[in-house]
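Work the whole structure out from these sequences, hints included.
For reference, each letter of the sequence shown is one residue, going 1 to 335 in UniProt numbering.
Don't take each hint at face value.
Taking CB as the label site, the calculated pair distances span [stated by the list, open to error]:
| id | residue 1 | residue 2 | range |
| --- | --- | --- | --- |
| 1 | L136 | N199 | 21 to 31 Å |
| 2 | T290 | S34 | 44 to 54 Å |
| 3 | A126 | G25 | 35 to 45 Å |
| 4 | R86 | Q288 | 43 to 53 Å |
| 5 | H285 | S40 | 20 to 30 Å |
| 6 | R86 | A250 | 34 to 44 Å |
| 7 | A142 | V257 | 40 to 50 Å |
| 8 | A250 | S140 | 35 to 45 Å |
| 9 | T36 | D315 | 19 to 29 Å |
Calculated lysine to any residue pairs in the SDA-like style (CA-CA distance at most 25 Å, straight line) [said to hold, decoys possible]:
| id | residue 1 | residue 2 |
| --- | --- | --- |
| 10 | K89 | L277 |
| 11 | K89 | R43 |
| 12 | K89 | D42 |
| 13 | K89 | S46 |
| 14 | K89 | G141 |
| 15 | K89 | G48 |
| 16 | K89 | R262 |
| 17 | K89 | Q319 |
| 18 | K89 | R275 |
| 19 | K89 | S61 |
| 20 | K89 | R152 |
| 21 | K89 | V314 |
| 22 | K89 | A312 |
Bear in mind the hints are in silico, worked out from the structure with no lab data behind them.
Built from N, CA and C at the ideal position, the CB exists for glycine as well.
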Amino acid sequence: MDTRDAPSRSSRRPSTTDGAGITSGSLARRLGISPTTLRSWDRRYSLGPARRDEGRHRRWSPRDVAMIEEMCRLTASGVPPAEAARVVKEHNADARPSAAEPFGEESTDVPAATGSPAVPPGTVRAECRGLIRAALRLDSGAVQERLNGFVRTYGVIAAWEELMMPTLHAVGRKWETSGDRYVEVEHLLSWHVSTALRNAPFLLGLPGTNGDDSSVLLACVPGEQHTLPLEAVHAALLQAGRPARMLGAAVPADALVSTVRRTGPAAVLLWSQARSLANTPLAQHLLQSTWGPQGARQQPRLYLAGPGWRGATVDRAVQPAGLREAVALLAADSR
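Below, the structure is given as structure tokens:
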């Protein structure tokens, strides 16, 4: 299965009540990217505003903003810029609202995790900057301390959406614009993000699951190595009190089907980062998998998440629009 501005969600959406849209500078500040990046995306991929005022000043409409937000989410989740731009333009040409990249932006109609306080205004930007500086110094201790503290204070979903993804996005842009430099920074940051997500139950003082982890199964499609979004789902489910079984990266098709039949999960979430790896036949096969006694066979509910599944059609499969929606649906299925 996104993707990740530093400001809080409530302050990110620009005001366009006058119908004139906003300037490139305002949009860049709100999304935590540089005006140079906006110009580069416009020049290279034709992802510019539909309207230009006199003097060629750019004015970004709500639809333009949604397009750039989706570009940010996709590139932050590891999709190459050219591929991300193609997906964004394809969605825009279909005249569909810009859907949240799975596990990036919250779904506004799903409540936040119980007991997770709102992030105070200004906190996220300061935390992101501090985390970026620590990562650039390769200061492992400081990176982990900041990530752990944010998870402990605000919960998994807020940590993923407000701190982890914006910072990964920023480091990725720095690497993209500086040749092969900073790749070690991204690797270090990814490692510690994964550590914080896996340690979330301990950081939040969550009770044990008593070994009951059979209701939800999480796995990457064969060949898929990007696991961070799936780890965020796992940690958020645990925070919501819903145990899950995590298989992780690049699960062979036979092993996945065998696990479904052996464990009988109520729901399976299958993550694909790249379109080339999204395995529609496997998804269809999973939907046909059954277990239980003759005459009372059961089948799993299948969720397809990640940018790799965009445009795929699998009957009876659900494609959640964001981390909150995915957690809410999976938690309901696990009851």
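Hints, one by one, checked against the model:
1. The given range of 21 to 31 Å is respected by L136 and N199, whose C-beta atoms sit roughly 23 Å from each other.
2. Taking the beta carbon of each, T290 and S34 are about 52 Å apart, inside 44 to 54 Å as hinted.
3. Taking the beta carbon of each, A126 and G25 are about 21 Å apart, not inside 35 to 45 Å as hinted.
4. Checked against the hint of 43 to 53 Å, the pair R86 and Q288 fails, with Cβ atoms roughly 32 Å apart.
5. For the pair H285 and S40, the supplied restraint of 20 to 30 Å is violated, since their beta-carbon distance comes to about 42 Å.
6. At roughly 25 Å, the beta carbons of R86 and A250 sit outside the given window of 34 to 44 Å.
7. Checked against the given bound of 40 to 50 Å, the beta carbons of A142 and V257, roughly 43 Å apart, stay inside it.
8. Roughly 26 Å separates the CB atoms of A250 and S140, a value that falls outside the hinted 35 to 45 Å.
9. For T36 and D315, the Cβ-Cβ distance of about 44 Å falls outside the hinted range of 19 to 29 Å, so the restraint is violated.
10. Distance hint between K89 and L277 is fulfilled; the C-alpha atoms sit about 21 Å from each other, no more than 25 Å.
11. For the proposed pair K89 and R43, the alpha carbon gap of about 14 Å is at most 25 Å, so the pair holds.
12. Between the alpha carbons of K89 and D42 the distance comes to roughly 12 Å, so the proposed pair stays at or under 25 Å and holds.
13. A distance of roughly 9 Å separates the Cα atoms of K89 and S46; the hinted pair therefore holds under the 25 Å criterion.
14. Using a Cα cut-off of 25 Å, the hinted pair K89 and G141 is violated, with the two alpha carbons roughly 41 Å apart.
15. A distance of roughly 11 Å separates the Cα atoms of K89 and G48; the hinted pair therefore holds under the 25 Å criterion.
16. In summary, the hint linking K89 to R262 is not supported, as the alpha carbons are separated by about 42 Å, beyond the 25 Å threshold.
17. Between the alpha carbons of K89 and Q319 the distance comes to roughly 20 Å, so the proposed pair stays at or under 25 Å and holds.
18. Taking the CA atoms of K89 and R275, the gap is near 16 Å; set against the 25 Å cutoff, the hint holds.
19. Among the hinted pairs, K89 with S61 is consistent with the structure: their alpha-carbon atoms are about 15 Å apart, no more than 25 Å.
20. Restraint check for K89 and R152: not satisfied, since their Cα atoms lie roughly 38 Å apart, outside the 25 Å limit.
21. Pair hint K89 plus V314 holds up; C-alpha atoms about 23 Å apart against a cutoff of 25 Å.
22. Between K89 and A312 the alpha-carbon distance is near 17 Å, which keeps this suggested pair within the 25 Å criterion.
In terms of the numbered hints stated before, the structure departs from hints 3, 4, 5, 6, 8, 9, 14, 16 and 20, listed from lowest to highest.
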